[in-house]
Structure formats: structure tokens, C-alpha cells
Amino acid sequence: MSTLPQSQGLQGTRPAARSRLDRCLHHPAFLPFIGFIVLFALMIFINDNFLTANNLTNVARQVSINAIIAVGMTCAILSGGIDLSVGPVMALSGTVAAGLMVAGVPVPLAMLAGLAVGTAFGAINGSCIAWLRMPPIIVTLATMGIARGLGLIYTGGYPISGLPDAFSWLGRGTLLGIQVPILVMVLVYLLAWIVLNHMPFGRHLYSVGGNVEAARLSGIRVPRVRLLVYVISGFTAALAGLVLSSRLLSGQPNAGEGFELDAIAAVVLGGAAIAGGRGAIIGTLVGAMMLGVLNNGLNLMGVSPYVQNVIKGAIILAAIWMSSMKRR
Amino acid sequence: MEPLLQLTGIHKSFPGVRALDDIHFSLKAGEIHALLGENGAGKSTLMKVLCGIYQPDGGEIRIDGQRQRFRSYRDAIDAGIGIIFQEFSLIPELNAVENIFLNRELRNSLGLLDRRAMRARAAAIFKRLGITIDTGVPVESLSVAQQQFVEIAKALALEARILVLDEPTATLTPGEAEHLFSVMRDLQLMGVGMVFISHHLEEIFSVCDAVTVLRDGGYVGTVTTSDTDSTALVEMMVGRRVEQTFPPKDHPVDVEATLLEASLQPGRGMRPIEFTLHPGEILGFAGLVGSGRTETAEALIGARPCWRKRVRLNGREIRLRSPADALAQGIGLLPESRKTGGLVLSFSVARNITLNKNARWLRWFVHGARDRSQVAELIERVGVRTPNADAEVNTLSGGNQQKVVIARWLNHDCRVLIFDEPTRGIDVGAKAEIYQLMRQLTRKGIAIIMISSELPEVIGVCDRVLVFRGGEVVAELSGPEIDAGTIMLQATGNAS
Numbered sequence: 004m005s006t007l008p009q010s011q012g013l014q015g016t017r018p019a020a021r022s023r024l025d026r027c028l029h030h031p032a033f034l035p036f037i038g039f040i041v042l043f044a045l046m047i048f049i050n051d052n053f054l055t056a057n058n059l060t061n062v063a064r065q066v067s068i069n070a071i072i073a074v075g076m077t078c079a080i081l082s083g084g085i086d087l088s089v090g091p092v093m094a095l096s097g098t099v100a101a102g103l104m105v106a107g108v109p110v111p112l113a114m115l116a117g118l119a120v121g122t123a124f125g126a127i128n129g130s131c132i133a134w135l136r137m138p139p140i141i142v143t144l145a146t147m148g149i150a151r152g153l154g155l156i157y158t159g160g161y162p163i164s165g166l167p168d169a170f171s172w173l174g175r176g177t178l179l180g181i182q183v184p185i186l187v188m189v190l191v192y193l194l195a196w197i198v199l200n201h202m203p204f205g206r207h208l209y210s211v212g213g214n215v216e217a218a219r220l221s222g223i224r225v226p227r228v229r230l231l232v233y234v235i236s237g238f239t240a241a242l243a244g245l246v247l248s249s250r251l252l253s254g255q256p257n258a259g260e261g262f263e264l265d266a267i268a269a270v271v272l273g274g275a276a277i278a279g280g281r282g283a284i285i286g287t288l289v290g291a292m293m294l295g296v297l298n299n300g301l302n303l304m305g306v307s308p309y310v311q312n313v314i315k316g317a318i319i320l321a322a323i324w325m326s327s328m329k330r331r
Numbered sequence: 007m008e009p010l011l012q013l014t015g016i017h018k019s020f021p022g023v024r025a026l027d028d029i030h031f032s033l034k035a036g037e038i039h040a041l042l043g044e045n046g047a048g049k050s051t052l053m054k055v056l057c058g059i060y061q062p063d064g065g066e067i068r069i070d071g072q073r074q075r076f077r078s079y080r081d082a083i084d085a086g087i088g089i090i091f092q093e094f095s096l097i098p099e100l101n102a103v104e105n106i107f108l109n110r111e112l113r114n115s116l117g118l119l120d121r122r123a124m125r126a127r128a129a130a131i132f133k134r135l136g137i138t139i140d141t142g143v144p145v146e147s148l149s150v151a152q153q154q155f156v157e158i159a160k161a162l163a164l165e166a167r168i169l170v171l172d173e174p175t176a177t178l179t180p181g182e183a184e185h186l187f188s189v190m191r192d193l194q195l196m197g198v199g200m201v202f203i204s205h206h207l208e209e210i211f212s213v214c215d216a217v218t219v220l221r222d223g224g225y226v227g228t229v230t231t232s233d234t235d236s237t238a239l240v241e242m243m244v245g246r247r248v249e250q251t252f253p254p255k256d257h258p259v260d261v262e263a264t265l266l267e268a269s270l271q272p273g274r275g276m277r278p279i280e281f282t283l284h285p286g287e288i289l290g291f292a293g294l295v296g297s298g299r300t301e302t303a304e305a306l307i308g309a310r311p312c313w314r315k316r317v318r319l320n321g322r323e324i325r326l327r328s329p330a331d332a333l334a335q336g337i338g339l340l341p342e343s344r345k346t347g348g349l350v351l352s353f354s355v356a357r358n359i360t361l362n363k364n365a366r367w368l369r370w371f372v373h374g375a376r377d378r379s380q381v382a383e384l385i386e387r388v389g390v391r392t393p394n395a396d397a398e399v400n401t402l403s404g405g406n407q408q409k410v411v412i413a414r415w416l417n418h419d420c421r422v423l424i425f426d427e428p429t430r431g432i433d434v435g436a437k438a439e440i441y442q443l444m445r446q447l448t449r450k451g452i453a454i455i456m457i458s459s460e461l462p463e464v465i466g467v468c469d470r471v472l473v474f475r476g477g478e479v480v481a482e483l484s485g486p487e488i489d490a491g492t493i494m495l496q497a498t499g500n501a502s
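Chains as they are written, first to last, in our numbering: chain A, 4 to 331; chain B, 7 to 502.
Some chain A residues close to chain B (C-beta under 8 Å, calculated; not the full set):
#	residue
1	Arg26
2	Pro203
3	Arg206
4	Ser210
5	Gly213
6	Asn214
7	Glu216
8	Ala217
9	Arg219
10	Leu220
11	Ser221
12	Gly222
13	Ile223
14	Arg224
15	Gly280
16	Arg281
Because the hints were derived from the structure by calculation, they are not lab data. Because the structure is a prediction, the values reported are computed rather than measured. Note that beta-carbon positions come from the ideal geometry of N, C-alpha and C, so glycine has one too.
Generate coordinates for the entire structure from the input sequences, incorporating the hints supplied.
As C-alpha cells, this is what we get:
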């Protein structure tokens, strides 16, 4: 009666590992990478001035600020949320640091204060979303307004200038012949890659975005993951704010207008699912580069900024359409 | 007289499961016909075939002798079939009249909504049903019973001649149910044929003319209610089954040792649910759907709020405020629904197995190589059939998906595992493998709570069984007391 053969019962197949090539092809950033190559080739073909060391460094430096913000945005989107407050938080952090420097606070201390402001905003976003269970899009829309308002109150609406020269290194300096903003960007991506792929927290973040109920029932502390996601996003926005202030050598309360859109565009172009759970940090970097190359190429061709907006919007729509096609 | 509705030889299979096998059903005008069977017997599937949500693989549906082919729910409605689902299909924010005429709004000569005409028609239907409904408020503010009647009114407004009521009394008080029955009897006089699904045998005897019994997707028989009694019906439902392969309960449970003691009071003024768990035993939670089994398990691990809770593990009091606390204490839950609660479907097998790994945050980095070899070992041990560890989990069959969830918990040092409907929608072979796996775990001293609506499985696997009814434990059975008839009678409240 109960003579089910033992072998039929519990013999699994020891699965073969998937081949390296196969894994490459299924990587979320695979298609974006191909897209980037195509775009890059197109730009070389269209414009003679594109493929020069000078121009390419220029592109990378221009991209760095959006790319840094997009790291936090990637975390938010992967976890199934979004952070709309990044632009104003970036401006606020930059102006607070600038204001403190002008007031005579030592440069490193003022920078830390700027980072603290952005991180605190992230913690507020995260607390509302994680513990009060408010929807991310509304929470960050509200704090977007608050951060912008606070930045304008703090500065009275005028840019803060007269920053110490020591501060300019972050945005304008070079190290080993490479521009510092580019180095900062690379460092942030490296850290994010480690966190997302080699720390339990990263896995939990993906799980929360993939299926929050399964994550919760399997014992993941979902609120803690959500809180940390927005803290990270606030931190990267603040870091981008410091780089921008240093580059301009002034604190601009109106900086970062529309930056949340650029960051979301980089994440989506990088192959992440807008619903969460799928994507890769390297994809976001590729997405940010695509946007940068596109901007640069269109500028070199003399396309009007108005038209550029339309082209960028259309490309983002196409990227989202492609990712929703894949899901079906 | 030609039957109003006739189903003959209906077949329906899903990947790996034979859901309906040669089912016959016939309904006369003005008849109330009960459809009876355990959970998973195929009642709901049959009704979904009837209303065009599923397409049958074989067999035919005739209405008034006319062969019908329903490609969608819409077609079935047009043919005069009205279904009142277990989950209401009302839009909570709209009022009763708007719900009744949803998508078939009456218009006046200007093409605008003719509210007056719709109100009048609705009022006429409510009058016919002998009920008063406040049509000025959204239906969500009506009582559950009133919503049920709105649902019936909606079907009648469609001029349904065949009405399917899928467990309509599950959420009603006895008084409300009585009113529903009188409405049903009125409809009967008007020549409406009704299919009535319920687990409560006394309801079937009070309102139905005939009963058709299904078991394991097969047709057992049709009897008239006046010719039968509840014992006979239970016999038909439970039946003498094809012998299933359960591993022998060969290792004695040490009832002296207590692993877990729990006392859970779900709400103020409710009776606490108390139970103990011995190491190496399989404790069954039997009962009907909605009897409080899943709620109890979720309250235990902290996934659902609980008014008052005391849990002792190995004699030590522990606090379980969230599933994460439970995980830290070595208590794991395999949720009822693999797809929504158990797995991240877009993730690979390996990522699903390591989903909650290192949830204690002490280890900062993932050890990739060690993880991979652990995953491979678990896949082998649990017997997941997958092309490789990186295959997306939604490409696997139900049984293999369930094994992935089991593997996740074996990755931890668990002492108590709760299996909620572990074999739902799984084919027979995989079921046997899961039973064997459960037995193997108990040999290592792990205690298992198994929630199951399938009686043979409860009987074949469990060392001890708690029977739930209406949010309370009504019986505790062990050893030879575990028997299909006893469990069924206790669960339905027919025990004298």
C-alpha cells in the first residue's frame, strides 16, 4: 500500500549551473547595454566631434550628478516604491552645506551637515512609508514640496555664493588625472553593487519589490527594508547636491528642477521593472549614460532644448512600453 | 419534462490536475439543487465551466435542450445564468441601484442615465424579494446579508432563469439565512432553477429538492433529499477512496515532551484557542474554509494581530510580534497560497530558496559560493525538478513550487513548521513526495502543524487533529479517533 519507491519519492536532479552566456543574455541590463552601444555608434556616425577624449569626459562628468541620484532611485524602484523628492532634497542639502561654509564652518563639517539633511529627509520619507504605511508616491510628492520650500526659506530665494576654494575640489578637481565627480560616481555605484548583490539587505530589498507578502511571511522585516531604502535615496540625493554646489561654487535653491524625472528615466532605461523586484544597478548606470550621450549628441547637432524634451520623453515612453511587453 | 439545464460528461484538466472527470448535472425549472462535496471536489470549477469562465475540455452544456457554447461569462449571462459568487462582484463605492444596472444602464431619450426608471425597476425587484434596501448609500455600508440580496437582485434584473448560489450562507446569521431561503422558495415558484452550494447539511435538507455529490473531481451520484439523510450524504462525500500512498506513522510521538504551548485569543470576548505541540508530531488543523485555521496559524507567528497571545517554546515564554520574530525562534509558515504568499514568481529557484536567508542581519555579506552549493544540496534533498537553480520559479509545476518553499525553511534551523494546505492543486505523485518529506522532518524532531481541507490527507498524515468550527476548536482527536465521518460531522456542526 505505502510502497512508494524511495527513489521516486525524493530524488531530485542535481541541477546544472546555467551557462555564463545564458546568464548574460537574461541580465536585466542586457538590452539597455545593446541600446547604449547602438546609440553610441549612431552618435559617432552623425557627429565628428563626439568621439574625442574631451567630449567623452565632459559627458561622463555631466552625467555624474544624475547618475548618483539614480542610485537611490534604483533602490526605491526595486523595492516597489519611488522617490519624487530627490531634486529638492538635493538642492536643500547643497544650500545648507554652502550656507554653513559661508558662515565659517569648516568645509568637511559643512559637507557632513549637508549629507545629514538629505539623509534625515530620507528617514522621514521612509518612516511615513514603512511605519505609517503611506503610499511612496504621495509621501515623496509632499516632502518634495517641503524640501523645496525649506531650501527657498533658508536662502531667501537667492543663490549662496562665495564658497571657500577648498570646497571646489569635489566638483572641479582631479585625482590621478580623472575628474573627481566621475570618481565619486564610480565609487557610489561600486558600493551600491556590493549592497544590492552581496549583502542580505539587497536581496531583501528585491524580495520586497517582487512580492511583499511572500517577503513578510518568510520573515523579512519589511518596514526596516523600506526605511533604509529611502534613507539611501536621501543620502545619494544629498551627495549629488554637494557635487553640484562644489561644481558651481554656490548653493542654488532652485537646482534639481525635474531631476526626479531624469533619475526615473535612467532607472527605467536601465531595464528595471517600474513595479519593482527586477533590475540591476549596472543597468541604471547604462541608462544614465544613455541619457547623457543623447543630451550631448543632440546639443552637438544643435537641436533646440525644447525639441530635446520631446525626444527624451518619447524615449522614456518607449522604454516603459518595452518593459511592459516583456512582462506579458 | 425537459430539464432547464443539463450538463453531460463534463471534463476539465489543468496542468497536472484532473479537475473534473465526466460530471453530470441536471436542473429542472423551479428546482433547488444542491451541489455537495469537500473542498477541492470540483464544485467551484464546475460552476466556472457553467458560467463560461473556464472552457470544458469535453462534454456539453444544454439549456432547454439547446446546446450552448460559452466563450465568456458574458455569453452565460446572455443565456440566462446568474451567479452569486463567494466573493461579491459588487462595486463597494456604488449604491445598490447603480450596481444592479452596472454596464446595462437605462438611458432616457437624451442618452443620459435614466435614474428614475432604474430606481423603479430596482424597487420592483426588491419588493418581489420582500426586502428593503437603502438605495441612497454605497453598498459597502450595507450589511453582508443585504449585499447578498443586492447580488441576487442583480442576477434577477438580468432575468436569470438559472441562479447559482456559491456558499451564500457562509457569512449570514441564521435569521438572515432563513430569509434567504424564503426568497429562494419564492423564486422557485416563479420557475427559477437554482444551484445551491453549501457545506451545511441541515440547510440542504431544509431548502433543496435534490443533491448531487462530487468527490475528487468525479461524479458520485444524485439523490432526492427526501430519500436520504446526513450520514448517507457524508458517506457519499467522503466515500471509500482510492488508497493513497501515505508514509507509515511509524515513529511514536513522545507525548511527554512539549515543544510548543500556545494560547491565542483572536479578539476581545472570544474564546482562546489553546494547543500544545510535541516534538516530532504532525498536528492537523481540520475544518471548513473560514473556520479559523489559517487565522490561528498567522496569529501564532505574528503575521496577523491577536488580542492576547501566550506562546512557550521549550518551556520558555517567547514573543512573536512578526514573522521575523518567528523565524528567529525557528518557527516557519508555508502559506496557503504559493503564488501570492509563498513565492516571488519572477525570481529564480535559488533566489526563492535563499529569500529569507540571513534575516538576522548579523552576517553582513552573502557568501555566494557557499549559497550556491547549499541551494544545490537543498534542491536535491527536497527533490525539486528544475532544469537549473537559475530557472524562474513560475516555470515549475505546482508540486515543485511547493518544494521550493519547503526548501527555504530547511535552510534554517526550524523547530516548528506550519504547512497551510501544502498539497492544494498538486498532482498525486508530488503529494506523496511531500507527505514523505514531512515524515522525514518529524524524525529529526521537527514538529509540524498541517492545515488541510482534504480529509484523506488529514487522516493519512496527522498524529493528532484539532477540528475547527466558527473560529473555535470543537474537537481534539488522536490515534484511531481520527476518522473522516467524525471530522466532517464536527466541522459542519452535525455532531450530536
